[in-house]
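Chemist: Listed below, chain by chain, are the residues.
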Amino acid sequence: MMEWFENFWQVYNNLVLTIGVNALLALSIWLTLSCGLLAMANAAFMGIGAYTASILTMNYGAPFPVALAGGIAAPALVALLIGGPTLRLSGVYLAMATLGFGEVVRVLILNAESLTGGALGLNGIPQATQWWHVLLALIVVLLILWRLRRSRIGRAFEAINEDAVAASLMGIAVNAHKMLAFALGAAIAGLAGALNAHLTFFIGPSEFGFDRGVDILTMAILGGTGGLTGPVLGALIVTLLPELLRSFRDFRTMMNGAILVIIVLFLPKGLWDPKRIRQWFGRKAA
Amino acid sequence: MLKLTNVSKRFGGLSVLQDVSFEVPTGKVFGLIGPNGAGKTTVFNLITGLLAPSGGTITLQGESLLGHAPHQITRQGIARTFQNIRIFKDMTLLDNVVVGMHSHLNYGVPGWLFSLPGFRAQEQRAREKARELLGWVGLSAKAGDTADNLSYGDQRKLELARALATEPKLLLLDEPVAGMNTGEKVELMGEITNIAKRGYTIFMIEHDMRFVMGLCERIAVLNFGRIIAEGSPDEIKNNPDVIEAYLGREDDAEVSS
Numbered sequence: 001m002m003e004w005f006e007n008f009w010q011v012y013n014n015l016v017l018t019i020g021v022n023a024l025l026a027l028s029i030w031l032t033l034s035c036g037l038l039a040m041a042n043a044a045f046m047g048i049g050a051y052t053a054s055i056l057t058m059n060y061g062a063p064f065p066v067a068l069a070g071g072i073a074a075p076a077l078v079a080l081l082i083g084g085p086t087l088r089l090s091g092v093y094l095a096m097a098t099l100g101f102g103e104v105v106r107v108l109i110l111n112a113e114s115l116t117g118g119a120l121g122l123n124g125i126p127q128a129t130q131w132w133h134v135l136l137a138l139i140v141v142l143l144i145l146w147r148l149r150r151s152r153i154g155r156a157f158e159a160i161n162e163d164a165v166a167a168s169l170m171g172i173a174v175n176a177h178k179m180l181a182f183a184l185g186a187a188i189a190g191l192a193g194a195l196n197a198h199l200t201f202f203i204g205p206s207e208f209g210f211d212r213g214v215d216i217l218t219m220a221i222l223g224g225t226g227g228l229t230g231p232v233l234g235a236l237i238v239t240l241l242p243e244l245l246r247s248f249r250d251f252r253t254m255m256n257g258a259i260l261v262i263i264v265l266f267l268p269k270g271l272w273d274p275k276r277i278r279q280w281f282g283r284k285a286a
Numbered sequence: 001m002l003k004l005t006n007v008s009k010r011f012g013g014l015s016v017l018q019d020v021s022f023e024v025p026t027g028k029v030f031g032l033i034g035p036n037g038a039g040k041t042t043v044f045n046l047i048t049g050l051l052a053p054s055g056g057t058i059t060l061q062g063e064s065l066l067g068h069a070p071h072q073i074t075r076q077g078i079a080r081t082f083q084n085i086r087i088f089k090d091m092t093l094l095d096n097v098v099v100g101m102h103s104h105l106n107y108g109v110p111g112w113l114f115s116l117p118g119f120r121a122q123e124q125r126a127r128e129k130a131r132e133l134l135g136w137v138g139l140s141a142k143a144g145d146t147a148d149n150l151s152y153g154d155q156r157k158l159e160l161a162r163a164l165a166t167e168p169k170l171l172l173l174d175e176p177v178a179g180m181n182t183g184e185k186v187e188l189m190g191e192i193t194n195i196a197k198r199g200y201t202i203f204m205i206e207h208d209m210r211f212v213m214g215l216c217e218r219i220a221v222l223n224f225g226r227i228i229a230e231g232s233p234d235e236i237k238n239n240p241d242v243i244e245a246y247l248g249r250e251d252d253a254e255v256s257s
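Line by line, the protein sequences are chains A and B. Under my numbering, the first sequence has 25 at position 25, and the numbering climbs by one with no breaks. Under my numbering, the second sequence has 207 at position 207, and the numbering climbs by one with no breaks.
Bear in mind the hints are in silico, worked out from the structure with no lab data behind them. Note that CB positions come from ideal geometry on N, CA and C, so glycine has one too. Just so you know, not all the hints are guaranteed correct.
Reference listing, derived: stretches of chain A covered by chain B, where coverage requires no fewer than 3 residues with Cβ under 8 Å from a Cβ of chain B [as the list claims (entries may be wrong)]: (1) 144–152; (2) 157–163; (3) 167–176.
With a straight-line cut-off of 25 Å between C-alpha atoms, the simulated SDA-like cross-links for lysine to any residue are [what the hints assert, rightly or not]: (4) B:K3 - B:Q18; (5) B:K89 - A:G282; (6) B:K142 - B:D154; (7) A:K269 - A:I237; (8) B:K89 - A:G91; (9) A:K275 - B:D154; (10) A:K269 - B:D95; (11) B:K3 - B:P35; (12) B:K169 - B:H104; (13) B:K237 - B:M209; (14) B:K89 - A:A176; (15) B:K89 - A:R150; (16) B:K89 - A:R276.
Hey, can you work out the whole structure from these sequences and the hints?
Modeler: So this is what it looks like as structure tokens:
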């Protein structure tokens, strides 16, 4: 048994840890979605976190915890700065503005060659991330978000998501809460980026572009945004699916896409939809 | 309590309100009536900070409300309901009302993060208070239901309970009986009377004359953005300008007959 596990871990540890990192990313976008914001800047925030942390360890020899703290703080600060003008927008317009911001970040990283290595990226990042770092980060983030949901802040997010005008007339400072969700989401994405950078040895600007942003959103939406289980489940499936479909070879990405489309078609609220699950079981029992 | 002085509102070239002045007396039920499109809801939107007036002043107990964000005005003691109901549909009734208590819960981050006793006590109190408020409007039996499943009349009552949860001094009701049947209207009338008796000042916009005349102690009439009359229900009923605004002039009637 032990031997089997060791073999398994040798082959798949990277995949398992990627699931953890992706779960963090899905939770980061879930937070803004739960506040009614379709913000698509999480890939950029992940990039800012990854680069900040890597530069701290590589150029300044900072200890890993300090690098992680920098990777969390930098995107949160950037979020506070760009949140002012962008969070006035809603719906698709916010998505567009935040996507634009993501492009700006990508191009900045590409051109700040002396610091970021430009298109070549950063090579030889020390592999400081242990498996339990990822697990611990995921557990801590889940605990914080779980408690947050049960507080006045979580209720305010939910109220803003349902009707921002009504929420403001309940005495909720709508803009401040949106800003909080945005900055906190950026911090979580930055944490994921910092952990991931110290796991993969290499980071480049193309990792944090539009594709990554869509992936993150897909994980959250696919899993379901009604609770914390959804994003984690979504991250698990979106990460594992390409691996499970290996036998389809050339048709792999096609199958991958088809399965996602089918899930979204038949489960519009995502995979984790307690109401629907209860309905199904209710019907069977009856 | 609430005083509007020469308030006007223009949307581009369109003048919606002109020199609107009136005062809502403390502890009374005050009504604002007027034909469709007279600008009544705009008055509420100006008071609650959703719109900024083009001119004039609005004060609550002598304090200006101008330039304050909606949530600040709510915290100063004004709550409102909406003509087109705006409850939080995916939440339970209880959660809807607890949301209204947002600014009265003041535990810090460690409180909710570690579920400290102070946090739990405040949340517990908020839920008890919410149950009590739901009891006031006769919805306590449905406290755990999702708000979406409520009947139209019950949704209005829930909105009322939620508004009361902000602990207002002044309660603004925007057409509280719109779309209700007679039975529901009578029921709601009783509930509003009860709320007024508890010491809240109430300011309502309403179309239903019987409802307004039965509830309000003072009434102002708005027509084409101007106040054309103000007084007791009896004075309003017999005011020729008001009758003209609602029923048209007599020579008009002759032409059409």
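Chemist: Does Q18 of chain B sit within 25 Å of K3 of chain B, going by the straight-line distance between their CA atoms?
Modeler: 15 Å, holds
Chemist: Go check the stretch 167–176 of chain A versus chain B for me, would you? Three or more residues, Cβ under 8 Å, otherwise it fails.
Modeler: Since three or more residues must qualify, the claim that chain B covers the stretch 167–176 of chain A holds, with 8 doing so at under 8 Å.
Chemist: According to a criterion of three or more residues whose C-beta lies within less than 8 Å of a C-beta of chain B, is the stretch 144–152 of chain A covered?
Modeler: holds (count 6)
Chemist: Can you confirm whether the C-alpha distance between K142 of chain B and D154 of chain B stays at or below 25 Å?
Modeler: 10 Å, holds
Chemist: Checking one constraint from the list: CA of K3 of chain B to CA of P35 of chain B, max 25 Å. Satisfied?
Modeler: At roughly 22 Å apart (the allowed maximum being 25 Å), P35 of chain B and K3 of chain B satisfy the hint.
Chemist: Would you mind confirming whether the straight-line C-alpha gap from K89 of chain B to R276 of chain A stays at or under 25 Å?
Modeler: 17 Å, holds
Chemist: Checking one constraint from the list: CA of K237 of chain B to CA of M209 of chain B, max 25 Å. Satisfied?
Modeler: The given pair, whose Cα atoms are some 10 Å apart, holds under the 25 Å limit.
Chemist: Is K275 of chain A close enough to D154 of chain B, meaning Cα to Cα at most 25 Å?
Modeler: Judged against 25 Å, a Cα distance of about 23 Å means the pair holds.
Chemist: Could you grab the alpha-carbon distance between K269 of chain A and I237 of chain A and see if it respects the 25 Å cut-off?
Modeler: 16 Å, holds
Chemist: Is the hinted pair K89 of chain B and R150 of chain A satisfied, with a Cα-Cα distance of at most 25 Å?
Modeler: 18 Å, holds
Chemist: Given the hint that K169 of chain B pairs with H104 of chain B, does the C-alpha gap stay at or below 25 Å?
Modeler: Distance ~14 Å between K169 of chain B and H104 of chain B Cα, so the pair holds.
Chemist: Going straight from one Cα to the other, do K89 of chain B and A176 of chain A come out at no more than 25 Å?
Modeler: Measuring from Cα to Cα gives roughly 23 Å; hence the hint holds.
The earlier numbered hints are all upheld by this structure, with none contradicted.
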